[in-house]
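For reference, each letter of the sequence shown is one residue, going 1 to 934 in this note's numbering.
It is worth saying that the hints were derived from the structure and are not from the lab.
You may find that some hints are simply not true.
As the list claims (entries may be wrong) - Below are the SDA-like pairs computed for lysine to any residue, each with C-alpha atoms no more than 20 Å apart in a straight line:
1. Lys-527 to Arg-820
2. Lys-603 to Leu-663
3. Lys-883 to Val-862
4. Lys-639 to Pro-569
5. Lys-852 to Gln-890
6. Lys-427 to Gln-336
7. Lys-838 to Gln-455
8. Lys-838 to Leu-901
9. Lys-902 to Gly-807
10. Lys-750 to Ser-891
11. Lys-883 to Gly-753
12. Lys-666 to Ser-677
13. Lys-527 to Arg-470
14. Lys-909 to Ser-749
15. Lys-527 to Lys-510
16. Lys-878 to Glu-926
17. Lys-527 to Ala-475
18. Lys-510 to Tyr-600
19. Lys-639 to Val-609
20. Lys-639 to Ser-749
21. Lys-174 to Phe-147
22. Lys-418 to Asn-904
23. Lys-909 to Lys-800
24. Lys-800 to Asp-450
25. Lys-689 to Pro-569
26. Lys-427 to Ala-411
27. Lys-647 to Lys-666
28. Lys-647 to Leu-663
29. Lys-800 to Leu-764
30. Lys-750 to Arg-923
31. Lys-852 to Val-895
32. Lys-72 to Asp-86
33. Lys-639 to Phe-670
34. Lys-902 to Phe-839
35. Lys-82 to Phe-147
36. Lys-510 to Lys-603
37. Lys-174 to Glu-224
38. Lys-159 to Leu-171
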Amino acid sequence: MKHQENRKNINLKIKEPRKLFILSCEIVVFNFLSILPVTAATEEPVLSVVYGQENANQWRGISDRLQTIGMKYCVISLSDVKSGADWGDRRVLFLPNVETLTPTQAIALEDWMSRGGRLIASGPVGSLSSPGVRQLLRSLLGGYWGFSLSDTEQIQAAKTRIPEWTNQTGLFGKVRGGVVIPNDMGTESPVVWNSKENPAAVVTTERSTFLGWRWGTDTASPAELDNAWLKTTINHYLTALAPSNRAKKIPGGSQSCSTTVAAAPLVQGSREAEGQRGNSSSLSPSFTPPKTATAPIPRPQPMVKPPNSQEAIDQLEQAVRLDVAPNSNEPIDRNQAIALQQELENLIGRVESAHLAVLADAANVGEAISEEKQSSRHLNTYTPQSLKEQPIQLASTKLGALAMSNEQALAQVRVIAKNLPQLIAQKNYALARQQWLAAKTTLWQQFPVDQRLAQPEIRAVWLDRGTIVRAGSKAGLAQIFDRLAQAGINTVFFETVNAGYTIYPSQVAKEQNPLIRGWNPLEEAVKLAHERDMELHAWVWTFAAGNQRHNEILNLNPNYPGPVLAAHPDWANYDNLGNMIPVGQTKPFFDPANPEVRQYLLKLYEEIVTKYNVDGLQLDYIRYPFQDPSAGRTYGYGKAARAQFQKLTGVDPVNISPSQADLWQKWTTFRTQQVDSFVAQVSQQLRQKQPNLILSVAVFPLPEIERIQKIQQNWETWARRGDVDLIVPMTYALDTSRFQRLAQPWIASKQLGATLLVPGIRLLSLPTIGAFDQLQLVRDLPVSGYALFAAENFSNDLQKLFSSTQGRSQSRTSEPIPQRQPFQTAAIRYTALQREWKFVFQNDQLQRSAEKISDFNNQAEVLRSALNQLAASPSANKLLVAKASLTRFQSQFRVLMSQELKSNSYQVKVWENRLVTIERLLRYGERRVQLRPL
1 MKHQENRKNI NLKIKEPRKL FILSCEIVVF NFLSILPVTA ATEEPVLSVV YGQENANQWR
61 GISDRLQTIG MKYCVISLSD VKSGADWGDR RVLFLPNVET LTPTQAIALE DWMSRGGRLI
121 ASGPVGSLSS PGVRQLLRSL LGGYWGFSLS DTEQIQAAKT RIPEWTNQTG LFGKVRGGVV
181 IPNDMGTESP VVWNSKENPA AVVTTERSTF LGWRWGTDTA SPAELDNAWL KTTINHYLTA
241 LAPSNRAKKI PGGSQSCSTT VAAAPLVQGS REAEGQRGNS SSLSPSFTPP KTATAPIPRP
301 QPMVKPPNSQ EAIDQLEQAV RLDVAPNSNE PIDRNQAIAL QQELENLIGR VESAHLAVLA
361 DAANVGEAIS EEKQSSRHLN TYTPQSLKEQ PIQLASTKLG ALAMSNEQAL AQVRVIAKNL
421 PQLIAQKNYA LARQQWLAAK TTLWQQFPVD QRLAQPEIRA VWLDRGTIVR AGSKAGLAQI
481 FDRLAQAGIN TVFFETVNAG YTIYPSQVAK EQNPLIRGWN PLEEAVKLAH ERDMELHAWV
541 WTFAAGNQRH NEILNLNPNY PGPVLAAHPD WANYDNLGNM IPVGQTKPFF DPANPEVRQY
601 LLKLYEEIVT KYNVDGLQLD YIRYPFQDPS AGRTYGYGKA ARAQFQKLTG VDPVNISPSQ
661 ADLWQKWTTF RTQQVDSFVA QVSQQLRQKQ PNLILSVAVF PLPEIERIQK IQQNWETWAR
721 RGDVDLIVPM TYALDTSRFQ RLAQPWIASK QLGATLLVPG IRLLSLPTIG AFDQLQLVRD
781 LPVSGYALFA AENFSNDLQK LFSSTQGRSQ SRTSEPIPQR QPFQTAAIRY TALQREWKFV
841 FQNDQLQRSA EKISDFNNQA EVLRSALNQL AASPSANKLL VAKASLTRFQ SQFRVLMSQE
901 LKSNSYQVKV WENRLVTIER LLRYGERRVQ LRPL
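Use the sequences and the hints to build the structure in full.
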């Protein structure tokens, strides 16, 4: 629908000729200078720009663009916004790339706009907020972020009639962004994507404009286009007002105007696989130009395609994504229909599985859970800042959140799942998508979030360097460990070597991280962890030697290769074009074939595990940088590697290409073996020093052949050989279906020997209940735990939820940690299974015979006894008895559960998965304890 008034950019209806002349001249002059009239040096800022944790890593690009425009502006810290006044008294507010707003902030924004404020927003604004907040933002913005586009697309004028102010040449070009879904009323879509169905790229209303890309980021859009849109939009909102109102400010708004960003953590928005987020600092250590490393001069490559601008881990997630855009009438094919229906059925299963765990545990400790208490477990009442406490009842926008019981919700969703194929067959695709999303929201609200449901499991978190730096002291670090311990975390991967710097004062490494002054975080962390019955594993960057992003924090030359390569240039690795840092990436790498590199790293790790009482060591970046041989981008041409390969084959590897199949395979195998042999060397040498050390690796979950070709990382081999105890694949995804697609192949793999698999979950941009859903999936699959990336994203909401569902209780004895006490873990987890079976039988509506129940209980009891005896006093003979009992029980389980299999196949599969977890714990324990027959 068009605006009620047909406004034009400068042709305002002004009665007095003199005013019209002045206004016209003013606009002509300022357009000529490419500066808005509101930015004259003598005038106050008319624009406020919002700074928050989510756009902190983009702030340099944002501020550079604003400076280029020559525009004065005020900076508003999002964390300070508690009321409408906090949005300031400037006429226009710019909200760039902020994905999370609290209910208080959203309501305050509505209040501010109702007083005459005009809003410009960019990127997936509010997309990670609670449903009620998203609904309010949708009305304020005239639409919402639907989904990201996978490629760069041209933005162009819509074919329909558009506002004249948007029809300017500088507003069109190639952008990487997302589809904005406009509201039906009061919204115009002047600019669209040049793709199928021409979805909206920008939506605008009388009081807001929503740009469908991340403004201020070079990977999304060129600066010229960004600047053109911001200037034009601000000019539109200011000149669209009567001249007498142009100088007015928002009544009741705060008059304070900060023009700088206060010192705040710099949050990197993505982890390139294992990558690191840092924090800003005023430290500016003097920079000594490093020695120049000699790069190889390989033969020119005729065809080199530029790399994808996405981080590698994000590309992996995109490959398995299941996007459901509301209101889209795009056809749904048969495979998509099956996937949608299956995901709903799986989510139903996860909700029921979580409730069963709660009920069985409560019955065991004699708790009577009333219907009232069950309803209070739902997330809508759990949220710390509940929308229901606010003046506007935003919580009522959640589907059935206030009135629907768990049973009613599940019944409703089952009807939706059943009818989904029919809607798709009728080509009613938009309604099918809407009902699917509504059903998912309903199910998420049914998860129990205030009762314990977790059994002993690995609960790990990566404690990143940025969080350590911000802690600043032992006291600050203690607060972090207190939060993690209360939340039930039992294993901490503590970032110890990052970008070539150690977090502690080292006798081996060249330099302690300059951001650490006057204390030893590693020494304090070990003490703090052990005081709280937690394990502390030193997390180290292996072959990544530096980091351009870290250089930026330290105000160093972007090309500084890190302290180790600066001192030892011959240790560097190179790509086929002679670059130490591959095009499109940010980190230089060591040459794994260099004996001096290997000796240095081994000596450094030995210092860590012998000088400090760490429980484990995690190898990160245990690979080569990402390559794409088919596109002419390869890596590994360090001085030592070239010499060794030439000695083996008579050929310098820079002179071969992927088209030479035999030689190329030899070159790939050579590089892969450098990594394989180093992992074996680390395992053997460190275990001689510390036999109880747990060795883990953070790895990419790419298919094996592709992974070896692209990063030379063959972690299945390390697992089978027993070099490592834990494989931690970075299965990072923003929804549970993607997470399952990434993790499932490795969870089901038979190639890992006795090594435990611990899937990684990235918390960045993940809704609280979305994280809980992924954890529930982990608990329903045959794995022993999870790892969270990272501590800096461990929010207060997550803290509260984790404390309730898996946190420590004074009434309970301390739990075993699976990687340290596998047999005890197996016994306790099996006892929990028995509690669930007992609860099901006691509430059995299938009326099974007493004889069948007795037979099942007898067989289950035999296994329980064997596991308990093994846990109490491990021996080889007891292990044999336990394994035999488990195998026998597993073979009969489906027969014993035949009736449940018909009525609830998901839960039966969950129970089978948990028996497999026990089997894997026994296998792992056998290798760790090295039991011998009597």
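Ascending list of hint numbers which this structure does not respect:
Structure breaks hints 2, 9, 15, 19, 20, 23, 25, 26, 35.
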